Amino acid sequence: MSVSVPSGPMRYEADERGYFGQTWGGRFMPEALVAALDELTVAWRDAMADEAFVADFERILREYAGTPSRLYHAERLSETVGARVLLKREDLNHTGAHKIRNVLGQALLTKRMGKTRVIAETGAGQHGVASATAAAWFDLDCTVYMGAVDTRRQALNVARMQLLGAKVVPVESGSATLKDAINEALRDWVASVDHTAYLFGTAAGPHPFPSMVRDFCRGIGDEARAQCLEQFGVLPDAVAACVGGGSNAIGLFTAFLEDEGVEIHGFEPGGDGVETGRHAATIHAGEPGVLHGARTYVLQDEDGQTVESHSISAGLDYPGVGPQHSWLSAAGRATYTPVTDAQAMDAMALLSRTEGIIPAIETAHAVAGAIEVAKRLGQEKGPDATIIINLSGRGDKDMGTAIEWFGLGDADEGPEADLAQVEADASSGLDTEAQQ
Amino acid sequence: MTSTSAAFAKAREEGRAALVGYLPAGYPSVEGSIRALRAMVEAGCDAIEIGLPYSDPVMDGPTIQAAAQAALDGGVRTSDVLRVVEAVAETGVPTLVMTYWNPIERYGVQRWAADLAAAGGAGMITPDITPDHGAEWIAAADEHDLDKVFLVAPSSTDERIAMTARESRGFVYAAAVMGVTGARESSSDLAGPLVSRVRAGGDVPVAVGIGVSTGDQAAEVAAYADGVIVGSAFVRCLLDHEDDEQAGLDALRALTTDLAEGVRRARS
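So the sequences go chain by chain: A and B. Quick note, the first sequence lines up with residues 46 to 481 if you use our numbering. Quick note, the second sequence lines up with residues 814 to 1081 if you use our numbering.
In case anyone wonders, no lab produced these hints; they're calculated from the structure. Note that the coordinates shown come from a computational prediction; the quantities given were computed from them, not determined experimentally. Among the clues, some could well be false.
[To be verified] Heads up, incomplete: computed chain B residues facing chain A, CB under 8 Å, no partners named: (1) Trp914; (2) Asn915; (3) Pro916; (4) Tyr920; (5) His946; (6) Leu964; (7) Thr970; (8) Glu972.
Cβ atoms here follow ideal geometry from the backbone N, Cα and C, with glycine treated the same way.
Chain B on its own, in the form it takes in the complex (with noise of 0.2 Å):
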């Protein structure tokens, strides 16, 4: 069982969907986002995606790409990325890397995942590379025992889903708004939905990404999921405290201790 699997587990024990928290590396600088990720595993997150900033993210909204061009303008680099995971890998708690494929690709899939695994990372999420499409991916994911997360949609078949849930180790990532990321007001009835027909392909844990920025949204998506994915508004947080450090570690950690206890209330 890798360790993203045990904290799944674990949080399914104690009849809660886990905490999964999302920041770029590199934003505020390299050290920023070591700090702002600790706060975050301190203040009660279960598993922590690093996004690696790319050039062309087609999928996220305007929230995560300004601070993913900020990263880049910074001058991050992919093996700042590592640096990032390995100073997070050391809190315990499974860190993954969610990345655009060109990077990996360039910095050579296999030297990428050997690279990864020594980092203690736990994983990598691919938002641009479907299982069918994978293959390099997940043969070296395999070797080096790494979680291969990889996403479904509203849109997907049946097939599909279930091909992807067989392919996926870790958890499943359910991207259930279509739309591309960013925090939203409604939720979309399109989640639940979705997350019972991943569960209907396999046993793998089936996380839902769906723009939650409030404890009482993660409430309600822990109803159904067996882990709720929150990015954009952890990234708001950094933003909308630019020139205050603290402020910004601060108002992760509120956000951080909400949803947490969102997470938890759900099925109590």
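Bound-form chain A, shown alone (with noise of 0.2 Å):
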């Protein structure tokens, strides 16, 4: 798709109707839902506008979350693939993942409109439990939509939401997975949207939600930016973040869009190969078209219906992507590349055992892809290269799917020899399909 690139600092930012590049994003939405909408977008700018809500919104963040994240720099990482790679810990926020950044701003901005009630969808149940975690905290009734195959794949994470007050519903209807859980979520809120918020899970949807959702994530990228410059006197060569529908991405990478120098680099899961047709890989192998409020690059067959996707990753698991990351892809910003399965769980593997660091298997897509970025810039920089790596949530909630993976929890019969494998494949080099 051909389109002419606006110039100036605002030229990836959409526009007053929601629209990057004049073309991605928008509000294909039902009208019922439009008041609704333009209620939410006028709130969220007046509230971004207000000093007294960007200092709450800080304070609740610092206090309760945790932030600011740590930057880390990853040293036996980095002496492995000759660069310096720097961890953003997101995994060390309240929750395990970035996602609280996100839910905070939203539940404040919903006591601010005077609503009582939020929903949310979930796919692993990460956001799910931030949102409910975030509704016990501000005491405001909360549903959470969740496909029925995920209630059953991710029991642990269904009671966890129970435990924190909220209502899960399992979604029964299409292909019973998130974006199933989304269409059933709308469907709540078109009846119920006098009292209730949307607590949108990712920076995708109607605008205003992929413009607001980056706004609550992008402390993640800004802290980064100001604490690679105070540690290490640069800025990176390059920013790394795995992209499902793409919101610790954008929360990364928008503190970066104007440093020309710096490369973006966003990393979708590749499943079992895009070659396989078994993938998520929304940006590398979609077609632009309109699922859930935006126009976006979208996995669809010939006559617009929604392909279903596959990842090993639940919370990477999703046919579309947010527009502003299609934006970015199409106005040559930032560069989106496929992982395997097997390269992420490759390198969740690796980080475990050369940082001890275990990261949600979302986040290992990341370290996976920005591995071989940081062996490139290695070679062409040396070892002072930087890369920061958005290391947006923890492991624990992917154990089982680890140990399945790697056949572990057997004492006597430790999976040894094939992870000792993996760390020295990676001084070596990783299967570089990423790369393609």
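Starting from the two chains in their separate frames, assemble the complex, guided by the hints.
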């Protein structure tokens, strides 16, 4: 799709109607929700311009969520890859991921708007748990829609949401996964919009969600940029994050969009490999379309029906992507590359063994892809070449998958040999498929 | 005047509301949906809406979702929808397509408008496109003299209602309950005021979708609206007789007759 690139500092921003680059995003929504979306747009803009709101948000993040998260120099991993690898430790936030930033922002805004109930969709349950957490903290009623398939796969997270006081509704329609949970949440919202706010889980959906969620997550990049300058005296040569819907990625990238020397890399879930058709690499392999209210890249068939996505990581398993990412890709400002399930799981093991950090499988996609970028940068610029990886979430929730994948859990017959091999491979070069 | 406008004008002359019936294309099969829609025309529908089944129908309740999903599972294609349009439009009744946006964008908006017009389609109802984000469709519809039916809701502001009435052709679809499609037992006190607000915004006919499933409910809505839209109740006839097509068609005819009598009863 060819579009003219607006110039100036606003060129990566959405216009008044929510379009990025005049094409991506927008608001393809039922009229019944337009008044609520307009109300939300006004409330969000007013709030962001209100110093008291911003100060309150920053205070809650600091005191309750534990931000700013550390920018940590991963020395062993750096040595392994030949460049300076910095990890933005969002996994150390309360609830174990960057997602707490978004839900605290949206819940604070909900309070400001005088609404008493929140709804949310969730795939693996991480956004659902974060929403339930924020709802508990702000004393809001909370209902979470979750694909029936996912409620069975993620029973522990269902229990966490329930313990936090949220109602979890299994969604049986369609493919009974994340996209259907979004559909069902939208159906709820059409009927409840006068007193209910929809805490959208990622920087996708109709305007203003892509921009609003980005605003609530952009502290990741703002902090990382300042920390990198302060701790190392330089801007990074590259930043990297995993991209499903893309909230952690846009949260990191935003601070660096105007730093033209900084490469921006998003890593998409390549599943079994893009060539197999079983993947969720929306930008890499999708086509422009409209899904959940925004024009963006969509995995779809030739009739425009949404195609089911596949990824080992439930948090990235979504057939759409935030529209600003589509624009950053189309405008050539960011590069989006698929990482397979196998590459991500290797990276999960590698980070666990070199740094003692077990990342979420979502995050492991970023680690896998970033290692290849870091190696190249190291060769081009030497060992001081610097890359920031958004360590967006911790891997405790993924131990079931890891046990199955690596054959863990049996004390007599550990997977010692296989995992040691991962470490050896890392210094010589991971499977380079991710670069194709 | 488009064929839809003519149908509404005729009903108005007869001192009654128009009956607008909906079924998705491809359920229980492409041919089966043609037979079902023709039965509805024969039994008294004044206009027909043909649903284009879509994987992510956020405005539809469980009944329409189930039939649309079954149609997709049965392999229905966008081109099949045009075939159904052609077969129904042959009866002379105005035939519109109701569709979410992505399949149209994928088909190509210009190409779609041309093919829909060529099939005899009267126009399109767009539940997830509002006029302010629908410039491409509006231009294509104008070029091919197709009806553009946009929706209003109780939550719409007066400004937006005026804009929607101005941009609509054929009729305005008043989705008069805050919620998804589906049959409802009680009527909404939001519907009457909504219709009045649309009338204040322009002289395009206003049809109300509010979960009507009986002649009595149709009569109630016909008392204040130009048209009564019935969807889920028709779909239910087919879902309830999944294994017996004749019984399904009989149920459709009986329901249509009851509703057609209802829209004539209100103002007599």
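Here is what the structure says about each hint:
Residue-level restraint check for B:Trp914 holds (minimum Cβ-Cβ distance to chain A is 5 Å; threshold 8 Å). The beta carbon of B:Asn915 comes within 4 Å of a beta carbon in chain A, closer than 8 Å, and the hint placing it at the interface holds. Evaluation of the B:Pro916 hint against chain A yields a held restraint, the C-beta minimum of about 4 Å falling below 8 Å. Because the beta carbon of B:Tyr920 sits about 7 Å from the nearest beta carbon in chain A, less than 8 Å, this interface hint is met.
The interface hint given for B:His946 holds, since its Cβ lies 6 Å from the closest Cβ of chain A, which is under the 8 Å cut-off. The closest approach between the C-beta of B:Leu964 and any C-beta of chain A is roughly 5 Å, which is under the 8 Å cut-off, so the hint is satisfied. Checking B:Thr970 against chain A by beta carbon gives a least distance of about 6 Å; that is within 8 Å, so the hint holds. Using the Cβ-Cβ criterion of 8 Å, the hint placing B:Glu972 at the interface with chain A is not satisfied: the shortest such distance is roughly 10 Å.
In summary, the structure is inconsistent with hint 8 from the numbered list given earlier, while agreeing with all the others.
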